[in-house]
Every structure is written in C-alpha cells, then in structure tokens.
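Asker: One-letter residues, chain by chain:
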Amino acid sequence: MIIKQLSIFLENRPGTLNEALAILKGAGINISALSLADTSEFGLLRLIVDDPEKAKAAIRQAGYTSSVNEVVSMELKQEVGYLSGIIKKISEAGINVEYMYASSNSASGASMIIKTDDLEKTSKVVG
Amino acid sequence: MIWNETKECMSRDEISNLQGKRLHALVSRVYHNVEFYRKKMQELGVEPGDIQTIEDIEKLPFTTYEDLRNAYPYGLLAVPKSEIVRVQASSGTTGKPKLLCYTRHDIDIWSECVARAMTMAGITKNDIIQVGYGYGLFTGGLGAHYGAENLGAVVIPMSTGNTKKLIDMMIDCEVTAIACTPSYLLHVAETLEQQGLVDKIKLKTAICGAEPWTDEMRKQIEKRLNIKAFDIYGLTEIMGPGVACDCECRKGLHIYEDHFFPEIIDPDTLKSRAHGELGELCITTLTKEGMPLLRYRTRDLTSLEYEKCGCGRTMARIQRFKGRSDDMLVIRGVNVFPSQVEHALLTVAGTTPNYFITVDRVNNNDTFDVAIEVEERFFSDEIKKLEKLRSDVEDAIHQVVGIKAKVKLVEPNALPHSEGKTKHVEDRRKLI
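The listed protein sequences derive, respectively, from chains A and B.
The first sequence: position 62 = 62 (the numbering used here), numbered continuously.
The second sequence: position 79 = 1079 (the numbering used here), numbered continuously.
Read the hints as simulated data drawn from the structure, not as lab findings.
Please note: incorrect hints may appear among the correct ones.
Stated by the list, open to error - Result set (SDA-like, lysine to any residue): computed pairs, CA atoms no more than 25 Å apart in a straight line:
#, chain 1, residue 1, chain 2, residue 2
1, B, Lys1385, A, Ile3
2, B, Lys1388, A, Lys88
3, A, Lys88, A, Leu76
4, B, Lys1385, A, Leu76
Treat the numbers as computed from the prediction; the structure is a model and nothing was measured.
Kindly generate the complete structure, drawing on both the sequences and the hints.
Answerer: Written as structure tokens, this is what we have:
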C-alpha cells in the first residue's frame, strides 16, 4: 500500500530531534513509525504520522524544511524468511531500494516502510 | 644592493618628469587604440593634448574590474593581437575570468620589476631559488620565474602541490631563497619541524605575497626557519607580482613608480587624497603596451609615504593595507568574491538560497566554509540526493572560484538574515 511519509531536515546538534518532536506533539500529531538517518553533518527524520499535511504545516511554521512524499507500507508476518521472500521479489522485479525501516503497530504486529525507485511496481510486487 | 639605481633612486622631480612624459605617451596610445578609453575620455571632454604633466592624471577616467570583465577577452587591447606573446588571467567576480595580455616588452618590464624586488630582498645571481607559486594562468609562478631568471639566479620551478618534493629539493639542491605565499611557507616550516629537518636547509630569504599576511606571520616565518622574509605586492590586472616590494628597512612596499603611477582616492567621491592619507589605491600602468590601464581601482585601502627611504630608494612606499573597499576575500592566495559563490549557487539551485561564508586560518591554512540553508524546493527524503546537492554546490564553487570550499547544509533560519545588505561573510583570520 502506498502511503504518505513526512521527512524533516535536521542539523546534527543536540536538541534538534527534541524540538521537532515537541512541535508535532503540540500539533496533536501521532507518530506510528520513525527513522532517523544521519550523516556527519545533518540528519533526516522520516515519519509516518496520522495527518502528514497538518504535521508538515506545523513543522514549516516552526521554520523547518520538510516534505511529504510517498512510500510503500507492507505488513510483515511473524514467520522465518517472510521479509527475505519479499525483498527477493523486489529484487527480481529490478526495483532499487533507497531505504527502509520497520514499524510496529498493535493491530497486525509489524510493518515495513520502504522507499524504492518505482513505488507503483513495488506496491504490486509486495501486495 | 639596488637592481636599477638610476631609476629606483631618482629625485622626486625626475620621477614626476618621467611620469608626466610616460603618461602623455600612454594616453595618446589608449586614445587612438582602445575604443573603451576613447569613449570614456570623450565623455569627460578630455583629449590626449590635455595630458602633459603627471598632475593632469586627475582629468582621466578610472578603470574598474567590471570594465575588465566586460572587455573580456580582448576589449582593452592597445596593440594588434600579433604583438601579444602571453596571456594570464585572474578569476572574475562572476563566471568569466579577467584576461590580461602582455607584449614581449611587457614581459621584460615585469621581469625587471621582479628582479628589483628580489634584489631588495637581498637575492642575487648566486642564489638558488624555488618558485612555489602555481604556474599557469595565475601570475605568481611565471612572474617570479622570469624575474629570478632575469636576476641570473638558479630557478627551480616547483609550482604548488608537492611539499615533500619541495623539501627534498630544498635540502638536496641547497636552495637559498623561496618565492611562495606566506601561509604555504608556514606549512613548509611546520613540515620541516615535524621531520626535524630545519637544520638541514640552507634557506636565507623568502619573498612572499599573493595574500595578505600579518607582522606576526612574518615573525613566525623568520624565527622558525631562521631566514628573512619580504613582502611582495602585485595584482594580475596591473602586471602580477612585483608591482611593489619591501626593503630591509621595512617601512612599506616600494612601488616602481617609473612604471606604475600610484594614487590614493576616496572610494566614495573618487577625489584624490593628500599624501599620507588613507584611501583606495589606484594604479596607472605608465609603460604597459598590451593592455594598459588608466587609474585602475585596486580596491585595496592604504596610504603612500613619499619620504626617501633608509635603503636609498626614492620610490613611494605603500603602507600596511587596511582592508578593501569591496567585499573581496583572498583565500589561499586566490581572490574570492561572495558574488562568485552566489553565482555558483544559482547554477545549482536555480535561485540563491541564503548562504554564509566563513573564512578562517587553521594551522596556517585558510579554511573556506560555505553554509547553505536547505529550502523545500531542493530538499529530499533521500540522503544521496542531499549529498549530491552538497557535492554539486562544491563543484560549482570550485569551477567558478578556482578553489575548493567545504559546503555544509543547514536548517532554514540558521544563518543570519538582516535587512537590506545581508551579511554573508565572516573572516575570522584577523589579518588587518
């Protein structure tokens, strides 16, 4: 399933993550998945939230750079080799994975957020 | 020792006389051969016949680096192209460089001036000199090289970029003099110290230029290497290194007034300032053939001292530089304008994001950092795209400016925003 993700640009210094999360809290945004990627100089916070556009508006107002883009979300079964099987399918379809991270939710156990160079195709392959 | 005593020790009357004659001849040449100057003079209602003495120079138009840029490449040539034997270039304020053209005679004068400067520094034909400036479009390498050859010294054309080889040859070839930037020489000193080789060198003299340096740097160089270091001044637009140099008295840099007429003006009103007053240095190239310049505004702020020097020379002395009348920075010997960085950002990002340049000196090397605010239109959720943006900006700056900057991406509003003229630069080197 293709869903929306919020990405926020953060500088690599103490306190920035806390500030960003406080803004989302203030806007009443619930976070269901999060990944923080870092380089030596900056960080990239990727979030799955209940209202991405509202979250983006709050973040923008606070002066942060952010974007809303699409990613594929897929549910994971708690079976040995399940993820491996899915990645194999993606790989065989010639799709390139940019990044991925996991999320847990009480309804179905775990899910995986994945960004590839062809989201439509990815969604079909894993769906 | 004085290289050309007849010229360097002329009386003030003799100097003024010679300057007047040369200016008259120069103005006739540019009026008849350079459309740019003919038009400018016609606008001011001045004809070559109006210029008889050196005092008449105030009637003449100024030349700026924008004029040089607009004239790129051959717009200011005063001789047929067939008379040109060399071009050199310095980076412009935006993309295009400033191109300077030399006739054989111009090269001879240049070699004469550099020989005068090296003689002032006590360098003779018995010396073995390493030229540690870049050879190429930059005037440092070839300028120092021809001057040292003219002097009759042994010239080792090291160029830049290989300190180990420079040190090996310095020791093996018993090098006694070096021409390079002061910050590079400090780097060489450091390397020699680390390797315990300071005692092995025969170096006596350094002639340093192409970037501003402090008395403190000079003291350090002299103490750490146990040598004498001299300050040489020049700019590509006028010729290259060797427009002026300091002597053993260290009371300012003697400018070779028989070839370069110096004036100090108020950078705002463009009116001449009295002797000894601080202002912008303007230079008229009295003898240049290829691309002579009238009243070229160097943007360097200084004053001139005309009293006869203890060394015996009468040529006026440029006093310590007090800064610039524009926003140019000299980083690792290269002229850098914030507008060049803006231009580079524009080519990568479409419009110019808010940016901030920080220049510092760490371990005697200039650092050049550019921070840019990440805006939504070039933000991405993929790190590789952000890294690509960063490296594209670095490449673009390198292309335009000629030296590498370290580019950092920062959050919006992380950099100073101010009303009107935004401050985009901090120079922490404290050179002035």
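Asker: Indicate, hint by hint, whether the structure satisfies it.
Answerer: A quick look at each hint next to the structure:
| no. | hint | in the structure |
| --- | --- | --- |
| 1 | Lys1385(B) x Ile3(A) | holds, 21 Å |
| 2 | Lys1388(B) x Lys88(A) | violated, 29 Å |
| 3 | Lys88(A) x Leu76(A) | holds, 14 Å |
| 4 | Lys1385(B) x Leu76(A) | violated, 29 Å |
Going down the numbered hints, you'll see the structure goes against 2 and 4, while the others check out.
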